[in-house]
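Residue strings, one per chain:
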Amino acid sequence: MSVPITCRPDETFVLNLGPQHPATHGVLRVKLTMDGEYIVKAEPVLGYIHRMHEKMAEAGTYAQFMNNTARMDYLHALAYNHGYCLTVERAAGIEVPERVEYIRVITVELNRISSHLLWWAAFVLDLGGFTPLLYAFDDREKILDLLESVTGSRLTYCYFRFGGVYNDIDDNFIEGTRAFLTRLRSRLPRIYHDLVTGNIILRKRIEKIGVVSKEQCRRYGATGPVLRGSGVCYDVRRNEPYSVYPNFDFDVPVYEEGDSMARYMVRMDEIEQSMRIIEQALDQLPEGPIQAKVPKILKPPEGDYYGAVEAARGTFGCRLVSDGTKTPYRLKLRSPTYCNLSMFGEIAEGMLLADALAFMGSLDLVIPEIDR
Amino acid sequence: MDTSIWRPIFYLIGFMAFAGLNAAYLGWCERKGAGHIQRRTGPKEVGPFGLLQPLADGIKLMTKQLLVPRGVDGALFRVAPVLAMIPALTSMVVIPFSDKVQGRAVDLSVLLIFALASIAMIAILLGGWASGNKYAVISAARSVSQNLAYEIPMLVTVITIVMITGSMNLEQIAQAQQGGFWHWNIFRLDKSLLMPVSFIIFYICSIAETNRAPFDMAEAESELIAGFMTEYGSMGFGLFMMGEYLNIVVGACLTTILFLGGWDCPFGLFPGIWWFLIKIYLLIFSIILVRWTYPRTQIYKLLNLSWKILIPFSLVNLLTAALFLKIF
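If you read the protein sequences in the order shown, they are chains A and B.
Residue numbers are given in our numbering: position 189 of the first sequence equals residue 189, and the series is strictly consecutive.
Residue numbers are given in our numbering: position 164 of the second sequence equals residue 1164, and the series is strictly consecutive.
Hints were generated in silico from the structure; no laboratory data involved.
Accuracy of the hints is not assured; some may be wrong.
Unchecked claim - In silico BS3-like cross-links for lysine-lysine, where the CA-CA straight-line distance does not exceed 25 Å:
| hint | chain 1 | residue 1 | chain 2 | residue 2 |
| --- | --- | --- | --- | --- |
| 1 | A | 293 | A | 55 |
| 2 | B | 1044 | A | 31 |
| 3 | A | 332 | A | 299 |
| 4 | A | 296 | A | 326 |
| 5 | A | 41 | A | 296 |
| 6 | B | 1301 | A | 41 |
| 7 | A | 208 | B | 1308 |
| 8 | B | 1326 | B | 1134 |
| 9 | A | 41 | A | 208 |
| 10 | A | 55 | A | 326 |
| 11 | A | 293 | A | 326 |
| 12 | A | 41 | A | 31 |
| 13 | A | 299 | A | 55 |
| 14 | A | 41 | B | 1134 |
| 15 | B | 1060 | B | 1044 |
| 16 | B | 1044 | B | 1191 |
| 17 | B | 1064 | B | 1044 |
| 18 | A | 296 | A | 55 |
| 19 | A | 208 | B | 1060 |
| 20 | A | 204 | B | 1308 |
| 21 | B | 1301 | A | 204 |
Unchecked claim - Here are some, though not all, of the chain B residues that point toward chain A, as calculated from beta-carbon distances under 8 Å:
| hint | residue |
| --- | --- |
| 22 | 1040 |
| 23 | 1294 |
| 24 | 1299 |
Stated by the list, open to error - Label-pair distances were calculated between CB atoms; the ranges are:
| hint | chain 1 | residue 1 | chain 2 | residue 2 | range |
| --- | --- | --- | --- | --- | --- |
| 25 | B | 1301 | A | 187 | 25 to 31 Å |
| 26 | B | 1301 | A | 215 | 26 to 32 Å |
| 27 | A | 61 | B | 1045 | 44 to 50 Å |
| 28 | B | 1281 | A | 52 | 55 to 61 Å |
| 29 | A | 249 | B | 1181 | 57 to 63 Å |
| 30 | B | 1059 | A | 153 | 38 to 44 Å |
| 31 | B | 1115 | A | 200 | 30 to 36 Å |
| 32 | B | 1059 | A | 52 | 42 to 48 Å |
| 33 | A | 175 | B | 1308 | 51 to 57 Å |
| 34 | A | 211 | B | 1308 | 50 to 56 Å |
By construction, the Cβ of each residue, glycine as well, lies at the ideal position given by its N, Cα and C atoms.
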């Protein structure tokens, strides 16, 4: 809806959205200049939970930083484990046993499903539907139980080790995962799609709302479902394969529309693709050790290294500069939501408050990952 | 009329009890219903099945300080919650629960109820405005435009009913529908073919008028925090909540009387107040079910729904009913 928007300061007011607001899912603050219910200008204000993770990396050993990785994107913590591990392994030249790679893929994909389920729940909650949240949490709970049984924690995992994983998966986990996949397969079309995706109110709320063009994605460096929802087929797992992803047959869902519905559908399809990957990984799971031989104190040779993984929200990149000592010289973390959020101001201009919040929900923000 | 002293007192106590119980226990029903819809149990700790929970909440709210923040229009801020409650309570007086149970028979009771219902909107406007909170002001503005938009189709459907019945007295409207469900206004296709449609319009409007999800624009918590209630605590908040539930009861009563035959039994057996109560609680349950199933709409789509769909349909229905009345 295009409505002439006056920018005269006496006809606008500033609305402070956050840092405590039900829709910002964390301590994000957005300074909105409003004309009635229309947004004239939106300015995200970051930094409320900045914890200096990158600096902390420079203060401890390589292994000590592993805990921190899970504290950034707490919803897809294992991908962050993976991204960091991958970079350090590349730097130190560690050969990872094949079983470990499979276990990593299985757990990361399970974690991705749980992250998307939680996003779905929170997104529908943003749109005012409270009930779907509890159904999604019911399914997510099963994943958390499974991951707890192997990793020992439920949210901030520290499961990966350089050249290995902390704990081997057993038959119980494999059976439990298969049972869960069967369960989610039957529930996905019945509960998620029939009740919510097809709902006319939901569709009217998110179709053609918050359209992001390819050009905007390129300018802001958007990745993940936001980029794929705008019609660009880019997935790190496919374009810059790492781990054992080339062994699996999976699709990269792409939607051309670029609206909130497209991003919604990308994530819903990704849940299905993750299930496919997990099934194949479980079928192909090789026997073998779960830990490579790694020196007690890791000292990667001097150099500049980079590793990237596809996290639930987009590309998580890790740039490591090593000076050959036991602590990293510099660790730069590239988190996807930071870039995805930075386009909010441009897109939200001229939008209704309610639509802007629906758009914000569709970006899938995790604030601790923006404020590292 | 030798019982003229006792009648008002009896009804006053009766209606206050009915209103109080409804205001308190609909909250419980809603939480319990929401719980079961969401595969939870709902309240269960305080008393059997959590039945004492409303009491505990009430005591908690009453013992809290009524905080009036600085920069607030004190008088309006205090008056608004009362204004939200009183009209709903007053409306109860003219509602005929059965042919015998009615506080006061007023010839223009339909008009009176709608006049009172509009005051609830003013309460929200005052509450939001007096708070001086930006979210509350947005909420108040939304609420007014929403209520204005939805009162029109609602009143047009009511005019249809009034034309068919030839009376603005709720009791007479209900009387005219006695004798089985085929006499109910919703099924009276001989008066206008669009009667079921106008029932749906009235139902949607009553949800919108009472600010219930999916039309709860004024309280859209993911956008406006708590809307006009953001600055309210203690019984100020409590009164708004009770007012909301009472408005739902009044809305359900009106729907029942205007469309579902009032206290009439669908099969012509034992008409009485119990049928009236069954009907209103089924309606209230459906409203709760809708709230916990669907996401919220957006304010402009909501207004479009009213102006572009509901109002034309209700006008067509009005014209058809007028035509039928003229011809037959």
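* Would the pair residue 332 (chain A) and residue 299 (chain A) pass a check requiring their Cα atoms to be no farther apart than 25 Å? -> Since the Cα atoms of residue 332 (chain A) and residue 299 (chain A) sit roughly 18 Å apart, the hinted pair holds (cutoff 25 Å).
* Asked: Falls inside 50 to 56 Å, the C-beta gap from residue 211 (chain A) to residue 1308 (chain B)?
  -> violated, 24 Å
* Is the hinted pair residue 1301 (chain B) and residue 204 (chain A) satisfied, with a Cα-Cα distance of at most 25 Å? -> Holds - the C-alpha atoms of residue 204 (chain A) and residue 1301 (chain B) are around 8 Å apart, at most 25 Å.
* With a cut-off of 25 Å on the C-alpha distance, tell me whether residue 55 (chain A) and residue 326 (chain A) pass. => holds, 15 Å
* Asked: Does residue 208 (chain A) pair with residue 1060 (chain B) here, judged by a C-alpha cut-off of 25 Å?
  -> The hint is violated at about 45 Å.
* To do: Indicate whether the distance between the beta carbons of residue 1301 (chain B) and residue 215 (chain A) respects the range 26 to 32 Å.
  => holds, 29 Å
* Asked: Keeping to a limit of 25 Å between CA atoms, is the pair of residue 1060 (chain B) and residue 1044 (chain B) held or broken?
  -> holds, 17 Å
* Decide if the proposed pair is consistent with the structure: residue 1064 (chain B) and residue 1044 (chain B), CA atoms, cutoff 25 Å inclusive. => holds, 24 Å
* Asked: When you check the alpha-carbon spacing of residue 41 (chain A) and residue 296 (chain A), does it fall within 25 Å?
  -> violated, 53 Å
* Under the criterion that the straight-line Cα-Cα distance not exceed 25 Å, is the pair residue 1044 (chain B), residue 31 (chain A) satisfied? -> violated, 42 Å
* 25 Å Cα cutoff - pair residue 296 (chain A), residue 326 (chain A) -> holds, 10 Å
* Please work out if residue 299 (chain A) and residue 55 (chain A) have their alpha carbons no farther apart than 25 Å. => This hinted pair holds, its Cα atoms lying about 18 Å apart.
Going through the hint list in order, the structure does not satisfy hints 1, 2, 5, 8, 16, 19 and 34.
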